[in-house]
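K.L.:
Residue numbers (the working numbering), protein chains in the order written: chain U, 8 to 220; chain E, 5 to 306; chain W, 1232 to 1708; chain Y, 52 to 711.
One thing to keep in mind: the hints can contain errors.
In silico DSSO-like pairs for lysine-lysine, Cα to Cα no more than 30 Å straight-line [said to hold, decoys possible]: (1) W:K1424 <-> U:K219; (2) Y:K427 <-> W:K1650; (3) Y:K155 <-> Y:K591; (4) Y:K591 <-> Y:K210; (5) W:K1650 <-> Y:K210; (6) Y:K155 <-> W:K1650.
These are computed hints drawn from the structure, not numbers from a lab.
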Amino acid sequence: MTNLLNSILVIVLMLNLFALGTSRIVSVIRTVSIQGVLLGLLPLLSHGHLSLTAFLAILPTIALKGVVIPGMMTHALRDVKIKREVEPLIGLQPTVILGALGTVFALLFADQLPLATQHAGALIVPTAIATVLTGFILLITRFKALTQVMGYLVLENGIFIFGMLLVEAMPLVVEMGVLLDLFVAIFVICIIVNQINQAFSSLDTRRLVSLKE
Amino acid sequence: MIDTVLHVVVLLLLPPLLLGVITKIKAWFAGRVGAPVLQPYYDLAKLMRRGLVLSTTTTWMFRAGPIVTLATVLLAGLLIPIGAADAPVAFAGDLILFAYLFGLARFFTTSAALDTGSAFEGMGSAREVTFACLSEPALFFALMVLAKISGSISLTSMLHAPASTLSAGVAAPLVLIGIGLFIVLLAETCRIPVDDPTTHLELTMIHEAMVLDHSGPLFSVILYASAVKLFVLGTVLLHVIVPFEFGRAWLDWPLYVVEILGLAAVIGVVESIMARLQMRHVPYLLVGAMLFCGFGFILLIR
Amino acid sequence: MAFLIIFFPLLMAALAAAVPSNRLRPWLLPVTGAAHLALTVFTLARPDLTVSAAWLVLDPLGKLILLVVSTLFLFCSVYAVGYLRNRGERPNRIFCVCLMTFLGIMSLVTWSHHLGLMWVAIEGTTLVTAPLIFFNHTQRSIEATWKYMLVGSVGIALALLGTFFLAYAALHAGMETSLVLEDLLTHAPQLSKPWLHAAFVLLLVGYGTKMGLAPMHTWKPDAYGEAPGVVGAILAGGVTSCAFLAMLRTYHICFAAGEGAYVSRLLLFMGLLSMAVASLFMVGQRDFKRMLAYSSVEHMGILALGLGLGAPALFGTLLHVVTNGLTKGVLFLSAGNIHRAYGSKNTEQVCGAMRRLPLSGTLFLAGFLAITGSPPFGPFISEFSILNGAFDAGRMATGGIFLFLLLVVFIGMGATVLKVVQGRASLEARNTPYRDTFLTGAPIVGLMVLVLLIGLYIPAPLAGLIRDAVLFLEGQP
Amino acid sequence: MNVLTFLLAAIALLGLSGLPACLLSPRSSTGQHIATGMMAAGSLLGLACLAAVLAGHAAPALSWSWRIPQSLFAVGVDPVSILFLFPVFIVPLLGSVYGLSYWKQAEHPANGQRVGLFYGVLAGGMALVVIARDGVLFLIAWELMAIAAYFAATAEDDKPEVRRAGWIYLIATHIGTLCLLALFAYWRYVTGSFFLESGRVIPVEEASVMFVLALVGFGFKAGLMPLHVWLPGAHANAPSHVSAVMSGVMLKMGVYGIVRTTALLTSGAAWWGPAVLAVGAFTSVAGIAFAIGQRDLKRLLAYSSIENVGIIAMGLGLALIGRFQGCAAWVLLGLGGALLHVWNHSLFKSLLFFNAGAIIHAAGTREIDRMGGLAKRLPVVMALFAVGAVAICALPPLNGFASEWLIYVGLFRTLGGGAETGTPAAALAAVALAMTGALAVACFVKVLGAVFLGAPRSEAAEHAHAPAATMVAPMAVLACGCAGIGFFPLLTMPLLESAARMWTGHAELGAIAGLVPVRQLTVAGFALAAFVGAVALILKMALRQQTVRTGLTWDCGYARPTGRMEYTGSSFGDSLVNLTTFLLRPKKFRTSLRGLFPRPSGFKSLVPDTVLDRLVTPVFKAVGQALPRLRVLQQGQTHVYVLYILIIMIVLLVWGSMGS
């Protein structure tokens, strides 16, 4: 069971690196949504049997991450003229290398943390940390507002991977609360992105530097 | 009781004589016959009978100056022992009263000078005050040496101490403060090296410039006060540099009179052979006096 | 009782959304605030009402924060009515709704004993306050909101990860995983150490971002600088207190797990770093609202420092939450008035506030004296007890640095405040229509009186509440 | 009823005296009259309480609980408190009466109420500081006093220099308060409670730490060099009756603090006494040297306050040496002299500040060089100034001499010789005191001459108008006070001895009069008066038949002397300023004369405060420029902010795992 789990996690890692590599915003959105769907399936594989609450938790996650958020993103993308990310802070290839380094660091760090018996072999913790780091790298190196939102979503996905591990600990209400928060956060950010687009007529966050010391 | 009466008589009558002796010595040095020794008495009497000219810009301070100066100097005179006799007024801590009485005199003299509003009087009082700031520490170092030697803080026993305890360790400090006190005496009473009492150049005067505007009885009070001041400081100096007494009253008083007149002669000689110092160099002289006394003090407490 | 306190404001928010008229709607705010405060006081008076469900328990810590934020909200809501009347031209539907929703969600934070639920509530306060910051609809406020949302969301995501680490620490130790506070506390010694350390770091960074500890404070000057005065007060007094409550929960768990030394080292470092960074940015600051933001960063540093000093300084730290919240209210509301009157926040244009706005100017100056710890006021008592705590904990050097940083902050803040308050107002500033009215003045006076009261004679119930909270934190039930 | 409750009522009256004025309209002057009335009631009640306690009426300490942790509202009265309370109940009252006509509400609608309110709070705060027996209460009263002084002093805050002076004062006060915070926190840490009562055995190292904190914290308020930077500016720019209270009484609160702390820390170290003595000597000489260089009248008086605080510190240093070496005489003389000088200074310094207020009110400027000849138009003010000047220069027969005389005798006794083995190095302070005395004479002759005597230098001085009665009355009362203590110092001895006994802790200290004949001072005073009378009588008789003619000043025959030809204040002090250039660092701006017919050139000389201008301001400017360069942290890019979060997370994770 764990090697199927590991294979999915490896796919998630690959998606991370791909998201870092592309410069077209649309492809980033698509990568992130696939990743969201994949991590939605994780609890099915890791625990075999599934209680009703866990299932009820997974369905909205997949729906949200796979369908709703990408829809909002493409909708926001509609009236932005340039679809391509401007040259990121340290270029595309160095970002990917950085992503890879981040994954190696995640693996090293995960070894520090002792794993419970039933997750001994699984790659869950390293993947989660690697995805979080990828999210950070996307946030730090990209300039377009939408891409930064995508970086935040990748970060969120990383945390959700870990969340899936503890589905039993989180009662349904709290799980729904977390998802609701995520959705509302993205919704508010989209509103702000539209406002930025109208006010600054571009999504390049380097224009947003009037507030400084 | 006799001693106090003698003390008061000597304090009141003798001082002008000192001025007479000094002028006689200077005249003798210059090969002139000079004014008679009692000339100061005649001057005082003449001035007392003169009329008074007051400037319109002056206030009551102008008259208060000379009055307070004479009063303080006379009170200071009562604090110090003359000859072998004790001072009429003696108590522990009177040395500070003695020093600060001269401060009070200086306060009123300089204020009276400034009251006239003339540039020369301002200049004189500025110099007077500046040099006083330098001579005060020297005086206090000397008093501290005497206090250490005598172990008491009353002027009477302090000034009699040198005569009674002539141990070896005490001689060197006494000599040093003697020199320092002599310079302080010359500075305080405006004798030659610091100030020339007979000059006519207002720009160079110190004490004389302060009394330019005083006339008649006021001027006589000032002259008399400066004479008494010379006498008082001279007496203190005598106790340090000529520290021996006979122990019997009828011998000590004449000895004292001889000593004080000798001191006047010495001052006359100094005034004759030395010329005035430049105004810039006077502070160095006074700092020198302070160093003498200070060194004497350090020698003593080593 | 918990459901009543939490859902009453949400209900009123819905009602406010329905009310059409722009003039009538703000009046719902003080009504909600007063009712909420009444409910809170009623609950505090009756201890049996504090347990409503497995996750909704009002422990002494929650009571304290609920009381502070509820009081602050009441005064701010009265001020908000005056403010919105003055800003008649802007629609205030979203403003009122968000404010009331905030009150509801904040109550949820104080009641929740499930760490996951608490995280959801704190994230909720972030989302609800975003539109408040965006109220002025200027380019600068868009930028401020963007930074607030992005940095805030990244930070709070790390807090979620930290919560999961905490859950996994219990899972790893073989117990059935549950994020309810009681369970975690009872099993605290058995939690696996590395997961607990990692969890604490993540929670510290996560909730530190919400509190505004340096270096995660970067969103604070922009958000507080661009938000209206009343929103600044709510943020500085309310949201930071909730985030500090979350920090207290984390500290409680780690303390119960015997990791006191590890935790205090990190907290002391973050506290002193925040105070240092805040004092650095406050010297020569020309915008008095940004200055207040840095003052908030500094006081969050003081709270973290107080917590790091451990047991001896706990009373001072909890008291500081109260005094800091109220004094920040005074400062932000009066700064809001001054900003409205002069139409600018730059100290070059703004001077002579005491003459131009006698009430607000004096209160702004009094607030400055209070926040920098001058004796007759509340913050002096709390900062002095934290200093005593530092000496008792044997950390003389920390006490020394603490005092030095307080001095630098005083000089930095004083220069700006005195430039604003003293002197004579320029001509065009004098003839702007804005004047001190009852609605915009009375709440500030009320808050100031409270701060002065705490400074001179801490009321018995408040002192008792803080003492219970200290005992609760130290583990005695 | 306990006397203390009446005392607290009196303090409340003082503190709230300014409140009714705030409720009335800014124009009406009834508020000010009410304030003066309340202050009078409070002060008289206070003085009655003090008299009752001195007369042996029991005044047990009072303490109520307030909810501040480990602290009580504890108040108590002991000889040292009583001694410091007298000026607090006298000077502010006289200042309030003085303010009735000096700072009329009608003339100052903008800040009249504010000055009145904070003037009362200042007085009340000072009184509370002196009777506080609990650390937290002390700090609260201390800060109340400090803040009230700030707001009262910066009344005319629309002038930039007033704001700057106020700002420097605020920073200095705050540094002082932070030191006191550390002091009281450390005291609680060492002794377990905030209660300030001596008799606890405290190890010497901890006592030394507390001593240093107290010296710095209270030194800022007392104005010891180099912590005096705020003093000249604050006093010059404050209204005169406020600067009179600040200089006359508030500086003494710093002295009270040092006295109280040294009373608490009975087990002192050897270096305490010499340190305070040295600081006192340096402060007094440097203070008066700076005073001579000043051209602003109130700055000059402020510097002379610094000098007098230096003298008090010298007395205190002597007492500390005496206590350490177990020499009762030195303690009695040193502390007795210092505490008597506290009284004397609060009397003659407030007299001089009231005088300065009247002069500035009349001449419209604070520049000494633009005054002159005011004696003709303000004869009473001049006479009172002369009394104040003679007193402050410590010249016999007035009160300044009495206290300095005690300190001198104490210093001379340290020479030893005879029974005690002396520490002769302490006697060097006597030379410093002598130097200070001479410089003080120079300074105040300069002021008296430049302001009152001679011909007026500006037409404003020419048309000066005499001050109202309510301004002259307080001055007269203070002048009588100076003369009273000057002529009858023996009356103050019992209180000084009991204060010294309380300070050292052991009861049998003997009497001051036993050590040195204080009665002789009275005799000397009356002898001096008699001599002056006699000489004046002789002169009057001599002048009876003479003609007294008036004419122009004999300026070597110059027929038309004008005010400009006189010696101005700065020219009078110029030679002394040149002598102490190493300390004063005077700035002289003279344009050089070039060419055969040089253009008209000017000369300007200035004596800035060395510590402030050479040390403090450059440091603050440098820090002010350096810090903004460190602002690169907040440059506005969002992604940089996220980077900070990542970095701090990694740093904490690594540091956390490495540390445990």
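K.L.:
Give a verdict on every hint.
P.N.:
Tested hints:
1. A hinted pair counts as satisfied when its Cα atoms are at most 30 Å apart, and K1424 of chain W with K219 of chain U does not qualify at roughly 41 Å.
2. Taking the CA atoms of K427 of chain Y and K1650 of chain W, the gap is near 44 Å; set against the 30 Å cutoff, the hint is violated.
3. Only pairs whose Cα atoms come within 30 Å are accepted, and K155 of chain Y paired with K591 of chain Y is rejected, the gap being roughly 44 Å.
4. Between K591 of chain Y and K210 of chain Y the CA atoms are separated by roughly 53 Å; this puts the pair beyond 30 Å, and the hint is violated.
5. This hinted pair checks out: K1650 of chain W and K210 of chain Y have alpha carbons roughly 12 Å apart, not beyond 30 Å.
6. For the given pair, K155 of chain Y sits about 27 Å from K1650 of chain W by alpha-carbon distance, which is consistent with the 30 Å threshold.
Hint violations for this structure: numbers 1, 2, 3 and 4, all remaining hints satisfied.
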